[in-house]
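*Asks:* Sequence:
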Amino acid sequence: MNDIIVSGLSKNFDDLVVLRDFNAVFKAGELSCIMGVSGGGKTTLLNILLGLLHQDSGEIHGLPEKISCVFQEDRLCEDFSAVTNVRIACGMDIGKTEIEAQLKNVGLGDSIYRPVRELSGGMKRRVAIVRALMTPSDLIIMDEPFKGLDDSTKQNVVQFVKKQIAGRTAIMVTHDEEEVELMGGSLIKMVAANK
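Residues 3 to 197 in the working numbering are what the sequence shown lists, from first letter to last.
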């Protein structure tokens, strides 16, 4: 397991400069939390790390091949149950009983076999979190994972996430300093590239 080293990363969309000469070290086996203004390049950075976008310049070293992600949108298969959504990502290596147990750990109870289109926004968010954390990976990327969760649910899900990512490299974008404290991660502040 290596640190992920980002050096001189820049990304423009036409005339809009989103990242300019961004540098960071994401420590192996630890959680790094990223905060910054809206439009400051946080999601763009994650998309580059995921290989969904290519940087205009700069280098990334130490990026593992196996990455799982909690995207800003839940990106679930709406007609499938919570269990099936997780199973699709995990493959057959993880048993159905384990998937059921983890979904129940985040408070989904009797809803785990309902089509996810019938679930509330907060319930869908928890399915997306469980799916990412149960998928075998060497890096977990989470883009505002606790968005839309009420306070009591968030407290429970934070504890679940902390347990699941222990000893793994994880990167989380948040707008809430309290979430950084709850998660116990190191903080990286991004400034807008066009400032």
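Just to be clear, a hint being listed does not mean it is correct.
Straight-line Cα separation of at most 30 Å, DSBU-like style, residue types lysine-lysine; simulated pairs [unchecked claim]:
id : residue 1 : residue 2
1  : Lys-156   : Lys-98
2  : Lys-98    : Lys-165
3  : Lys-165   : Lys-106
4  : Lys-165   : Lys-191
5  : Lys-68    : Lys-156
6  : Lys-29    : Lys-68
7  : Lys-156   : Lys-191
8  : Lys-98    : Lys-191
9  : Lys-106   : Lys-149
10 : Lys-164   : Lys-68
11 : Lys-106   : Lys-191
12 : Lys-164   : Lys-29
13 : Lys-106   : Lys-68
14 : Lys-149   : Lys-191
15 : Lys-29    : Lys-149
16 : Lys-98    : Lys-149
17 : Lys-164   : Lys-191
18 : Lys-191   : Lys-29
19 : Lys-164   : Lys-98
20 : Lys-164   : Lys-149
Label pairs and their in silico Cβ distance ranges [unchecked claim]:
id : residue 1 : residue 2 : range
21 : Ser-188   : Asp-140   : 31 to 37 Å
22 : Val-27    : Gln-74    : 35 to 41 Å
23 : Gly-186   : Gly-123   : 25 to 31 Å
FYI, nobody ran anything at the bench for these hints, they're computed from the structure. None of these values were measured; they are calculated from a predicted model. The beta-carbon is built from N, C-alpha and C at its ideal position, and this holds for glycine as well.
*Asks:* Would you mind marking each hint as holding or not holding in the structure?
*Replies:* Okay, the hints, checked on the actual structure:
About 25 Å separates the Cα atoms of Lys-156 and Lys-98, which keeps this hinted pair within 30 Å; it holds. Restraint check for Lys-98 and Lys-165: the C-alpha separation of about 20 Å stays at or below 30 Å, so the hint holds. Simply put, Lys-165 and Lys-106 have alpha-carbon atoms about 15 Å apart, close enough for the 30 Å limit, and the pair holds. Proximity of Lys-165 to Lys-191 is assessed by CA-CA distance (about 25 Å); at most 30 Å being required, the pair is judged to hold.
As the CA atoms of Lys-68 and Lys-156 are separated by approximately 27 Å, the hinted pair is consistent with the 30 Å bound. With a C-alpha separation of about 16 Å, the suggested pair Lys-29 and Lys-68 falls inside the 30 Å cut-off, and the hint holds. For the hint linking Lys-156 to Lys-191, the alpha-carbon distance of about 23 Å falls within 30 Å, and the restraint holds. Between Lys-98 and Lys-191, the direct Cα distance comes to roughly 39 Å. Violation of the 30 Å bound is thereby established for this hinted pair.
Annotation: proposed proximity of Lys-106 to Lys-149 holds, straight-line Cα distance about 19 Å (limit 30 Å). The hinted pair formed by Lys-164 and Lys-68 meets the criterion: a straight-line CA distance of about 19 Å does not exceed 30 Å. A threshold of 30 Å between alpha carbons decides the hint, and for Lys-106 with Lys-191 the separation of about 34 Å lies outside it, so the pair is violated. Between Lys-164 and Lys-29 the alpha-carbon distance is near 16 Å, which keeps this suggested pair within the 30 Å criterion.
A hinted pair counts as satisfied when its Cα atoms are at most 30 Å apart, and Lys-106 with Lys-68 qualifies at roughly 26 Å. At most 30 Å may separate the alpha-carbon atoms for a hinted pair to count; Lys-149 and Lys-191 meet this at roughly 19 Å. Proposed proximity of Lys-29 and Lys-149 is supported: the alpha carbons are some 25 Å apart, at most 30 Å. The suggested pairing of Lys-98 with Lys-149 holds, with an alpha-carbon distance near 27 Å, which does not exceed 30 Å.
Taken as a hint, the Lys-164 and Lys-191 pair is honoured in the structure, with Cα atoms around 21 Å apart against an allowance of 30 Å. Only pairs whose Cα atoms come within 30 Å are accepted, and Lys-191 paired with Lys-29 is accepted, the gap being roughly 15 Å. At most 30 Å may separate the alpha-carbon atoms for a hinted pair to count; Lys-164 and Lys-98 meet this at roughly 22 Å. Pair hint Lys-164 plus Lys-149 holds up; C-alpha atoms about 16 Å apart against a cutoff of 30 Å.
Evaluation of the 31 to 37 Å hint for Ser-188 and Asp-140 yields a failure: the beta carbon distance comes to about 19 Å. Separated by about 24 Å at the C-beta atoms, Val-27 and Gln-74 break the suggested range of 35 to 41 Å. Here the CB-CB span from Gly-186 to Gly-123 is close to 26 Å, well matched to the stated 25 to 31 Å.
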